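Chemist: In the order they appear, the protein sequences are chains A and B.
In this text, residue positions in the first sequence follow our numbering: the first is 1, and each later residue adds one.
In this text, residue positions in the second sequence follow our numbering: the first is 105, and each later residue adds one.
No lab work stands behind these hints, which were simulated from the structure alone.
Since the model is a prediction, treat every value here as computed from it, not as a measurement.
If a hint is listed, it holds; no wrong ones were tucked in.
In silico DSBU-like cross-links for lysine-lysine, where the CA-CA straight-line distance does not exceed 30 angstroms: (1) K21(A) x K152(B); (2) K212(B) x K223(B); (3) K192(B) x K240(B); (4) K231(B) x K30(A); (5) K30(A) x K223(B).
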Amino acid sequence: MAKPFIYLACGSAAMSAMLCKSRLEEALRKRGIKNFDLRICRVAELYENVRRLKPDVAIVTAGSFAEEDVECPVFSGVPLMMGVGVDAFIDKVVDVLKEKGKVP
Amino acid sequence: MPQTIDVKILKVESEKRPEILKEMGDYLYDSGYTKETFTNAVIEREKKYPTGLEIPSAVNVALPHADIEHVKKQALLIAVPNGPVKFKRMDAPDKDVNVELILLPVIKNPEGYVKFLSKLTLFIQKKEFLELVRGKKYSAIAAAIREECLEPLMRNPT
Chain A
1 MAKPFIYLAC
11 GSAAMSAMLC
21 KSRLEEALRK
31 RGIKNFDLRI
41 CRVAELYENV
51 RRLKPDVAIV
61 TAGSFAEEDV
71 ECPVFSGVPL
81 MMGVGVDAFI
91 DKVVDVLKEK
101 GKVP
Chain B
105 MPQTIDVKIL
115 KVESEKRPEI
125 LKEMGDYLYD
135 SGYTKETFTN
145 AVIEREKKYP
155 TGLEIPSAVN
165 VALPHADIEH
175 VKKQALLIAV
185 PNGPVKFKRM
195 DAPDKDVNVE
205 LILLPVIKNP
215 EGYVKFLSKL
225 TLFIQKKEFL
235 ELVRGKKYSA
245 IAAAIREECL
255 EPLMRNPT
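Taking the hints into account, I'd like the entire structure generated from these sequences.
Modeler: If you want it as structure tokens, here you go:
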């Protein structure tokens, strides 16, 4: 099974995306998902990275991305950032990963 | 070696977002934490990527910041404005949120700072902290953040 591949994007790739990444790692491990590829970029680079590298999910903490037509499911990372509603958030991410056959 | 993050609080007099950010930026520059370019970088970044967060169970907060190239020394600058201040929402930039607490992270080493932010984002939602913010207990706010979010990292840096 190929491992889940998730992009996290924020304005400068130095604060909120990193915070989200550390909370996401912890939450995925708690769900028994140990192998994953999490990458960080600036939102300005997200569209191109998604098109080229085709991650399963993108998590964004700067701006709203519906109108940007990113070619994968995009979620707001605010729950991860504030540590509020993390379980419900992870449910949504895991549902996408299941659909894509990345987690059992 | 645990990194240093100076936790500071500033009494701001302005009532509008850009003016408050300027006051905070000027303080940081005058105190030697940032380069001349920092204040403008924060104000411009906030326009492009707003950082207001609506937190239904706590006070709404904004986390304005700038890229590491504008920073000399790490800090967290806190401001509790006299009244609610309009910011745009991080997750919905076309919407306003009335912010009661502004936290300005001054970041030089993102990997290390994230551990502090991780504790900070949880602590600011605690009831005991909300009471300090609502009561505008300035020195207690900074002390509580130092004690709850920074000191545990100094004792146990992993």
